[in-house]
Amino acid sequence: MVNPGAGVRAGLDGAIQRITVNGDIWDRLMARAIWSHGVRRYRGPPCEQPSQCLNEGVCIPQLNVPLCRCPLYFWGSKCEKRIAKEDLERPVAFGGTDFLSFSNKQILKTEGQRETNIEVTFRTSHHKGLLLWTNKGATIRGDYLALAISKGFAQLSFNLGKQKEPLLITSLHRVDDSRWHTALIERNMRFGTLTIDDNPPVSNTSDPGATELNTDGVYWIGGCPSLPTGLPEDYFHGFRGCIESVVLDGDPLHLVMHGTGEVTFCDDS
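Counting from 1, one number per residue, gives the positions in the sequence shown under my numbering.
Please keep in mind that the hints were generated in silico from the structure rather than gathered at the bench. The reader is advised that the hints may include incorrect statements.
[Claimed, not checked] Think about it this way: if two alpha-carbon atoms lie no more than 25 Å apart in a straight line, the pair counts; the simulated DMTMM-like pairs of lysine to aspartate or glutamate are:
hint : residue 1 : residue 2
1    : 85        : 244
2    : 81        : 267
3    : 85        : 98
4    : 164       : 186
5    : 81        : 48
6    : 151       : 244
7    : 162       : 197
8    : 85        : 115
9    : 162       : 48
10   : 78        : 89
11   : 151       : 197
12   : 81        : 115
13   : 164       : 233
14   : 151       : 176
[What the hints assert, rightly or not] Derived Cβ-Cβ restraints for the label pairs, each shown as a range:
hint : residue 1 : residue 2 : range
15   : 49        : 14        : 14 to 24 Å
16   : 73        : 174       : 29 to 39 Å
17   : 8         : 174       : 51 to 61 Å
18   : 13        : 174       : 49 to 59 Å
19   : 127       : 7         : 16 to 26 Å
20   : 51        : 173       : 41 to 51 Å
Computed from a predicted structure; not experimentally measured. Beta carbons: idealized from backbone N, C-alpha and C, even for Gly.
Please build the complete structure, drawing on both the sequences and the hints.
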């Protein structure tokens, strides 16, 4: 109950998309609520137009920006483009300003993850750029996990929310040689491992503290439009190159179908 002395006589007549508490972003409010009364899903800007997403695409509000999640065989900012069946397995091109976002079904099921397993197959000739990002909060003191190209090497970085400094694990071999590489990320609580192709794995353990990764359930591929300050400088550049596949905790992402964002293709060679 609201204290009568607060002077509040009525509840909010409007919509809430996101709440930030102590730097932690709370979204999917209806799914997280333990009790509700008279609350229904919002219908309106930026998803108020029936034609916002075509071909039975679903409009997802991202603050003031409408994003369309497209059905099978359609893509584009409004799901207006049809995908040829043979294009579904082609590598996707990223030019440094092209980002795709995905909801991780495993994260949506639980409050936190004690383990993480991610595999990314890519190629690039550039020595910097963010390949993959997920986080919760507005600073690097909050939970996050990243895979980036830094100074020509692959680099895994994560913070589980209670460590003073994030953990950095850098590959021993360069990956900016225009050849295909597979980066395997394995995290068991505070222990992280990065393996590139058939090379020996590189491992390290984060400082004592939290052991679970709690994020907002969204993975960004190819870069992220908004990053917290304090990350290595190379992370603030979008990835330039090709990504053939991404596997999150055993679930392959179909980059063309499941992501939100424009897609162009790489040569298969």
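ask   = Taking 25 Å as the top limit, are the C-alpha atoms of residue 78 and residue 89 close enough?
value = Between residue 78 and residue 89 the Cα gap is close to 21 Å, so the pair holds against 25 Å.
task = Given the hint that residue 85 pairs with residue 115, test it: the Cα-Cα distance must not exceed 25 Å.
result = Cα-Cα ~34 Å, so violated.
query = When you take the CB atoms of residue 127 and residue 7, is the distance between them in 16 to 26 Å?
reply = Violated, at about 58 Å.
inquiry  = Can you confirm whether the C-alpha distance between residue 151 and residue 197 stays at or below 25 Å?
reply    = holds, 18 Å
query = Is the distance from the Cβ of residue 51 to the Cβ of residue 173 consistent with 41 to 51 Å?
reply = Between residue 51 and residue 173, where Cβ atoms are some 49 Å apart, the hint holds.
message = A range of 49 to 59 Å was offered for this pair. Does it hold for the Cβ distance of residue 13 and residue 174?
response = holds, 57 Å
25 Å limit on alpha-carbon distance, applied to hinted pair residue 151 and residue 244 = Satisfied, since the Cα-Cα distance of roughly 22 Å is no more than 25 Å.
inquiry  = Check the hint pairing residue 85 with residue 244 against an upper bound of 25 Å on the C-alpha distance.
reply    = holds, 16 Å
ask   = When you check the alpha-carbon spacing of residue 162 and residue 197, does it fall within 25 Å?
value = violated, 31 Å
Range agreement (Cβ of residue 174 with Cβ of residue 8, hint 51 to 61 Å) = At roughly 60 Å between Cβ atoms, residue 174 and residue 8 fall inside 51 to 61 Å, so the hint holds.
key: Pairwise hint evaluation, residue 48 against residue 162, where the allowed Cα distance is 25 Å at most   = This hinted pair is violated, its Cα atoms lying about 40 Å apart.
key: Holds or violated: residue 81 to residue 48, with C-alpha atoms at most 25 Å apart   = holds, 21 Å
This entry does not satisfy hints 7, 8, 9, 12, 19, going by the numbered hints stated previously.
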